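For this one, chain A is given, so just place chain B on it according to the hints.
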Amino acid sequence: MATALVTKQKRIKKSSLAKRNLQKLLNNKLAVLGLFIVVTMILLCIAAPLLTPYDPGKISLFERDSAPGGEHIFGTDKLGRDVFARILYGGRISILIGLSGALGGMILGVVIGSLCGFFGGILDAIFVKVAELVSIVPQLLLVLILSTIIGPGVPNLIYVFIFTGWVATFRLVRGRFFSLREESFVEACRAFGIGSLSIAFKHILPNCLGPVAVQLTLNTAGFILQEAALSFLGLGVPTGVPTWGNIMNAAKEIITITESPWLWIPTGVAIALFVLGVNFFGDGLRDVLDPSQL
Amino acid sequence: MLKYFVSRMLMLIPMILIISFIVFIGLEFAPADPLTAMISPDQMSSMTLEDMEAMRESLGLNAPMLVRYGRWLVNLLKGDMGFSIVTGTPITNIISNLLPSTIKLTFAALLVSTFMGLLFGILSAIKSNSAIDYISSVLGVIGISMPEFFIGILALLAFAIRLRWFPAQGRTDVGLGAFGSIKYLVLPACSLGLVLAAALMRYTRNAMLDVLNKDYVKTARAKGLPEWKVYYKHAFRNSLMPISVLICLRLPMLIGGSVVIEQVFGYAGIGSRLLTAINAGDYQLVLVIVLLLSIVSLLASVFIDLLTALLDPRVRLGGDIGGAK
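As you go down the protein sequences, you meet chains A and B in turn.
For the first sequence, this note's numbering assigns the number 1237 to the initial residue and increments by one for each residue that follows.
For the second sequence, this note's numbering assigns the number -14 to the initial residue and increments by one for each residue that follows.
Only chain A is shown next, with the shape it has when bound in the complex:
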């Protein structure tokens, strides 16, 4: 018994920072709940063909606007398409857009932010101005213009999100770099003759990744909401592709709002639930990585 305790203590002592943080994260109930919601919903969307026999795009004119119950759990829409199937398949695309937009924006923001933060100078001045510009034009408007210029479509929407989403990460990373590059470990690296790029990306960057990960969750949540808003307006993804926003698009008419609530309430709840999960997880992550900002 006693020896077991000692070995356990030894293991804790030996465990790395990452392991300790993981343990802290798992002790945070809200974060675990968030992760559970997110993972479950992603799995449900991936397993869509197993969960529903219906094709999300299949039009069946005999079953138009049928209320939930019976064969269709959430009923059918104006064209007789199964709403439950549309929510599951739509989730695949909505989550894909949100995640890949946020990831792309993160990579862009990290690269530009590290270069600007490390080297400073004219490069830095230019990108600070660009970031200021991008953040002053309301993001939804920017997305609106860009998607009208380059046209609708899933990949285009992802590009637009990457283009507008790098700013927050850029500011974070640049700010951290400014304080970290004066630290003595950087001087030590220089004294060893390590190259600048190597110092920037191998030695300083890992110290900035905590807030970047939190920002990634914020962006994912934000992009999923934005995709929904854009497609709701009819400007995001082409109407043929099922996404959460496109399903909600039907709720633009008062008659749909009052007469067929099954069309939009489950979808709205699905969006809110997924974003809620991402936010819970992000909050937990922040508490773990940055105890000062509780």
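Simulated from the structure, these hints should not be mistaken for laboratory data.
This structure is a prediction, so every number in the text was calculated from the model and none was measured.
From the three backbone atoms N, C-alpha and C, an ideal C-beta is built for every residue, glycine too.
Wrong hints could be hidden among the right ones.
[Unchecked claim] Derived list of chain A stretches under chain B, where covered just means 3 residues or more per stretch with a C-beta under 8 Å from a C-beta of chain B:
| no. | segment |
| --- | --- |
| 1 | 1316 to 1323 |
| 2 | 1368 to 1375 |
| 3 | 1420 to 1431 |
[Unchecked claim] Under 8 Å between C-beta atoms, here's a sample of chain A residues computed to sit facing chain B:
| no. | residue |
| --- | --- |
| 4 | G1356 |
| 5 | L1461 |
| 6 | T1494 |
| 7 | I1507 |
| 8 | N1515 |
| 9 | F1516 |
[Claimed, not checked] No farther apart than 20 Å at their CA atoms in a straight line, the calculated lysine to any residue pairs in the SDA-like style are these:
| no. | chain 1 | residue 1 | chain 2 | residue 2 |
| --- | --- | --- | --- | --- |
| 10 | A | K1314 | A | E1418 |
| 11 | A | K1265 | B | I111 |
| 12 | A | K1365 | B | K218 |
| 13 | A | K1265 | B | V126 |
| 14 | B | K112 | B | L194 |
| 15 | A | K1488 | B | L2 |
| 16 | B | K89 | B | V281 |
| 17 | A | K1365 | B | I111 |
| 18 | A | K1365 | B | M(-4) |
| 19 | A | K1365 | A | N1392 |
| 20 | A | K1365 | B | K208 |
| 21 | B | K218 | B | S229 |
| 22 | A | K1265 | B | A140 |
| 23 | B | K208 | B | K218 |
| 24 | A | K1265 | B | V123 |
| 25 | A | K1265 | B | L124 |
| 26 | B | K218 | B | T204 |
| 27 | A | K1488 | B | L(-5) |
| 28 | A | K1365 | B | A140 |
| 29 | A | K1365 | B | A285 |
| 30 | B | K218 | B | L292 |
| 31 | B | K203 | B | V123 |
| 32 | A | K1265 | B | S229 |
| 33 | A | K1294 | A | T1475 |
| 34 | A | K1365 | B | M0 |
| 35 | A | K1488 | B | H219 |
| 36 | B | K63 | B | I111 |
Frame of chain A; chain B shown alone:
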């Protein structure tokens, strides 16, 4: 203070210039003849191709791009924004009819969200770990997770269609007087403001808790100040700085959100006009609206910045601006 004010105002000029230049370039690449956007449609219909070419020359459309940009900018400043290429109405008319409604909506939403966000944020910081703190934390995270239009549709269904407290189709507020227009404004402004309120509440709570742990709050308490004075004068005033930064960051989102909310409620503002213009391919109108909305959000954030500066004695008393930031 004056120096700070002037420097903030001067910084606006290059920003507006750059945004307008980007919009101008957008116009250049838009697949539409600039002539149709510059002269009224009646005049256009009575012209031959040679006339058009002559017109083009006389309007300076064949001049180098920078020259044309300069002229376009001067015209904008004079209030001549050209004509909508789809309906043929002067853009200045469209804007002057609709922009005030949108500004009213956004301002109302900003008021609602600032009031609610600060109130509940402060309450949950003061009574941290109490029932009110937990309830508002949960509501806050749900608030930032809901799509704006979903909140809008739910509000529309509950308060306008089922309970009939407010009109379901909030058309516009033209000619209704101050009180007549308020009932059209309540639902859109509240649904628009709710998301920002939730974000603001979470942020205010954290900023207040941060300040409440500082030594000078302990000192204030130790010297026997009443609690409300500690909270108001020492804690709240000092947490205002980060809060106003967040409001400035979120303002463009609020203005973008107004486009969506106007659509949900059928509110006749510049946002719903923007959508019609996009669907009709009315590039001139789209870009001018985007330019104006960006300038509005720029001005609003400078305004909030100045307001915060007024509350900060370091800035108000003419101290070092760099230090105050």
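Hints versus structure:
1. 1316 to 1323: Check failed, 0 qualifying residues.
2. 1368 to 1375: holds (count 7)
3. 1420 to 1431: violated (count 0)
4. G1356: violated (17 Å)
5. L1461: Holds, about 5 Å.
6. T1494: The hint holds - A:T1494 has a Cβ within 8 Å of chain B, the shortest such distance being about 6 Å.
7. I1507: This interface hint holds because 6 Å falls under the 8 Å limit.
8. N1515: holds (5 Å)
9. F1516: Hint holds; A:F1516 Cβ to chain B Cβ min 7 Å, cut 8 Å.
10. A:K1314 / A:E1418: At roughly 62 Å apart (the allowed maximum being 20 Å), A:E1418 and A:K1314 break the hint.
11. A:K1265 / B:I111: With Cα atoms ~24 Å apart, A:K1265 and B:I111 exceed 20 Å; violated.
12. A:K1365 / B:K218: violated (36 Å)
13. A:K1265 / B:V126: OK: A:K1265 and B:V126 at ~15 Å, within 20 Å.
14. B:K112 / B:L194: holds (10 Å)
15. A:K1488 / B:L2: With Cα atoms ~37 Å apart, A:K1488 and B:L2 exceed 20 Å; violated.
16. B:K89 / B:V281: This hinted pair holds, its Cα atoms lying about 12 Å apart.
17. A:K1365 / B:I111: Not OK: A:K1365 and B:I111 at ~39 Å, beyond 20 Å, violated.
18. A:K1365 / B:M(-4): Answer holds: A:K1365 to B:M(-4) is near 12 Å, not above 20 Å.
19. A:K1365 / A:N1392: Judged against 20 Å, a Cα distance of about 25 Å means the pair is violated.
20. A:K1365 / B:K208: Violated, at about 47 Å.
21. B:K218 / B:S229: holds (17 Å)
22. A:K1265 / B:A140: Violated: A:K1265 and B:A140 sit about 31 Å apart, past 20 Å.
23. B:K208 / B:K218: Holds, at roughly 14 Å.
24. A:K1265 / B:V123: This hinted pair holds, its Cα atoms lying about 14 Å apart.
25. A:K1265 / B:L124: Within the cut-off at roughly 17 Å; holds.
26. B:K218 / B:T204: Holds, at roughly 13 Å.
27. A:K1488 / B:L(-5): violated (43 Å)
28. A:K1365 / B:A140: violated (40 Å)
29. A:K1365 / B:A285: holds (19 Å)
30. B:K218 / B:L292: Given pair B:K218, B:L292 holds - Cα atoms ~17 Å apart, limit 20 Å.
31. B:K203 / B:V123: violated (29 Å)
32. A:K1265 / B:S229: violated (31 Å)
33. A:K1294 / A:T1475: holds (14 Å)
34. A:K1365 / B:M0: Holds: A:K1365 and B:M0 sit about 9 Å apart, inside 20 Å.
35. A:K1488 / B:H219: violated (48 Å)
36. B:K63 / B:I111: Violated: B:K63 and B:I111 sit about 52 Å apart, past 20 Å.
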